[in-house]
Amino acid sequence: DAGVIQSPRHEVTEMGQEVTLRCKPISGHDYLFWYRQTMMRGLELLIYFNNNVPIDDSGMPEDRFSAKMPNASFSTLKIQPSEPRDSAVYFCASSPGTNPFFGPGTRLTVL
Amino acid sequence: RKEVEQDPGPFNVPEGATVAFNCTYSNSASQSFFWYRQDCRKEPKLLMSVYSSGNEDGRFTAQLNRASQYISLLIRDSKLSDSATYLCAVNFNNAGNMLTFGGGTRLMVKP
Chain E
1 DAGVIQSPRH
11 EVTEMGQEVT
21 LRCKPISGHD
31 YLFWYRQTMM
41 RGLELLIYFN
51 NNVPIDDSGM
61 PEDRFSAKMP
71 NASFSTLKIQ
81 PSEPRDSAVY
91 FCASSPGTNP
101 FFGPGTRLTV
111 L
Chain G
1 RKEVEQDPGP
11 FNVPEGATVA
21 FNCTYSNSAS
31 QSFFWYRQDC
41 RKEPKLLMSV
51 YSSGNEDGRF
61 TAQLNRASQY
71 ISLLIRDSKL
81 SDSATYLCAV
91 NFNNAGNMLT
101 FGGGTRLMVK
111 P
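Protein sequences, first through last, are from chains E and G.
Anchor point for the first sequence: position 6 equals 6 in my numbering, and the numbering is continuous, going up by one each time.
Anchor point for the second sequence: position 95 equals 95 in my numbering, and the numbering is continuous, going up by one each time.
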């Protein structure tokens with residue numbers, strides 16, 4: 001069975017550019033999470049959805065970040081404009097209501 | 001104070017050694033607890049859940065101490081392949097297992 005799919009796996013962009021990260025959760029999972037991992041701050045929850053509805057976005061760092069889930073099989077995390085401090089690994093995870101299963105992550109570098 | 005805290009390590013141990021990690025959490029109403037394993041440049045993967053009565057999975061034993069608000073992971077007869085970062089995760093509100101992660105403890109098993 002396919003796990004959580006994320007694209008792109010690596011993204012290098014310049015400060016000020018828009019970045020869109022994509023996620024396909026595991027089929028049948030009702031919950032979708034976006035996490036960010038850095039050396040300094042560890043693994044932080046940014047936002048999570050239940051049945052495509054955003055439930056808690058208190059972890060979203062600022063208005064430059066937005067996330068959508070237009071249907072049960074697709075979610076995006078957008079950063080506009082991007083800044084060097086946004087450089088991190090962004091993980092999408094999905095869950096049927098138990099522990100989350102993580103995707104392979106998108107390694108973002110903002111120059 | 002962080003909500004979930006771990007000693008970052010690294011713990012350097014010889015093969016065959018027994019090693020234990022602790023993880024403290026701040027919210028006494030926490031609902032569920034997990035240990036995840038993360039290999040270098042990979043996503044976190046569930047190692048085991050932590051049950052109130054303690055639980056064992058092969059060489060791995062997890063324990064929960066609600067009174068002192070910590071969970072522990074014991075690895076017996078450590079293998080080279082156990083080298084990884086171990087993340088504890090706590091669900092504070094039972095909302096679809098929205099997990100808060102500790103910073104991780106790095107384990108290096110040497111021949």
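It is possible that some hints are incorrect.
Unchecked claim - Listing some non-contacts, in silico: residues in chain E with all C-beta distances to chain G over 10 Å: (1) P8; (2) G42; (3) Q80.
Said to hold, decoys possible - The calculated lysine-lysine pairs, modelled on DSSO-like cross-linking and capped at a C-alpha distance of 27 Å, are: (4) E/K68 - G/K42; (5) G/K42 - E/K24; (6) G/K79 - E/K68.
Please keep in mind that the hints were generated in silico from the structure rather than gathered at the bench.
Ideal placement from N, C-alpha and C gives every residue a C-beta, glycine not left out.
Comparing the hints with the structure gives:
For E/P8, the shortest C-beta to C-beta distance to chain G comes to about 15 Å, beyond the 10 Å cut-off, and the non-interface label holds. With a least CB separation of 4 Å from chain G, E/G42 falls inside the 10 Å interface cut-off, contrary to its annotation. At the 10 Å boundary, the C-beta of E/Q80 stays outside the reach of chain G, the nearest C-beta of that chain being 25 Å off. Restraint check for E/K68 and G/K42: the C-alpha separation of about 25 Å stays at or below 27 Å, so the hint holds.
This hinted pair checks out: G/K42 and E/K24 have alpha carbons roughly 18 Å apart, not beyond 27 Å. As the CA atoms of G/K79 and E/K68 are separated by approximately 42 Å, the hinted pair breaks the 27 Å bound.
When held up to the earlier numbered hints, the structure conflicts with 2 and 6 and fits the remainder.
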